[in-house]
Amino acid sequence: MQLVSAAENSSLDWRAQFSYIEDIGDGRGYTAGIIGFCSGTGDMLELVEAYTRTKPGNVLAGYLPALRAVNGSDSHAGLDPYFPRDWRTAAADPVFRAAQEAERDRVYFDPSVRDGKADGVRALGQFAYYDAAVMHGYEGMRAIRSRALARAKPPAQGGDERTWLHAFLDERVAEMRKEPAHSDTSRVDTAQRVFLDNGNVNLNTPLVFAVYGDQYRIG
Numbered sequence: 007m008q009l010v011s012a013a014e015n016s017s018l019d020w021r022a023q024f025s026y027i028e029d030i031g032d033g034r035g036y037t038a039g040i041i042g043f044c045s046g047t048g049d050m051l052e053l054v055e056a057y058t059r060t061k062p063g064n065v066l067a068g069y070l071p072a073l074r075a076v077n078g079s080d081s082h083a084g085l086d087p088y089f090p091r092d093w094r095t096a097a098a099d100p101v102f103r104a105a106q107e108a109e110r111d112r113v114y115f116d117p118s119v120r121d122g123k124a125d126g127v128r129a130l131g132q133f134a135y136y137d138a139a140v141m142h143g144y145e146g147m148r149a150i151r152s153r154a155l156a157r158a159k160p161p162a163q164g165g166d167e168r169t170w171l172h173a174f175l176d177e178r179v180a181e182m183r184k185e186p187a188h189s190d191t192s193r194v195d196t197a198q199r200v201f202l203d204n205g206n207v208n209l210n211t212p213l214v215f216a217v218y219g220d221q222y223r224i225g
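In short: position in the sequence shown from 1, add 6, done, that's this note's numbering.
Take the hints with a grain of salt, since some may be wrong.
[What the hints assert, rightly or not] Calculated lysine to any residue pairs in the SDA-like style (CA-CA distance at most 20 Å, straight line):
1. Lys159 with Lys184
2. Lys61 with Gly31
3. Lys184 with Gly146
4. Lys184 with Gly78
5. Lys123 with Ala158
6. Lys61 with Ala83
7. Lys123 with Leu155
8. Lys61 with Thr95
Keep in mind the hints are simulated off the structure, nothing from the lab.
Build the full structure now, drawing on both the sequences and the hints.
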């Protein structure tokens, strides 16, 4: 989560990001929370639905019709002007924080780690899958993996782990460059690729890396 937060929020303090919300101009509407739930891609809608099932009548529940309407677009219709304020209010609620973590795990973390383990990759590879899923969606990550399979094999299929992860990261970079908002590939080039080149496939600390020109150290 510190590695993701460095890239998504320019901070290692990922727990400070529950309240984060802004439109970063990438065509996905509002981006918010600990892994960038988006109003335009459906995961923010699913999060607020989950929160509302647990806590009906919460401060975000009234936005569900608008979130359903804007899904698939960058529109703020029915959300402005108070949705960001109310998101930040909800972020003080432990129930909403728990919902963010649960949705992160259900949609992104758990399936990415499961796939990484099935492919026989260690912590770095599992993280590379997860980080790709956070940015491109889980199905987007699977598409990146499918393209990498044309170039290399994962350890579970008899391949070399480093060769496989380089192929996966190459395809990840190619995917990022398709979107102007994600064209800076330093979260791969000066972080994940550095760990791989150093042979740190277990993500042993300390981790020293850079993202978007900012330097970080974990551990």
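Each hint, compared with the structure:
1. Lys159 with Lys184: Not OK: Lys159 and Lys184 at ~24 Å, beyond 20 Å, violated.
2. Lys61 with Gly31: It is violated: about 31 Å lies between the C-alpha atoms, which goes past 20 Å.
3. Lys184 with Gly146: 13 Å, holds
4. Lys184 with Gly78: Measuring from Cα to Cα gives roughly 18 Å; hence the hint holds.
5. Lys123 with Ala158: It holds: about 17 Å lies between the C-alpha atoms, which stays within 20 Å.
6. Lys61 with Ala83: 24 Å, violated
7. Lys123 with Leu155: 16 Å, holds
8. Lys61 with Thr95: Roughly 14 Å separates the two Cα atoms, so the pair holds.
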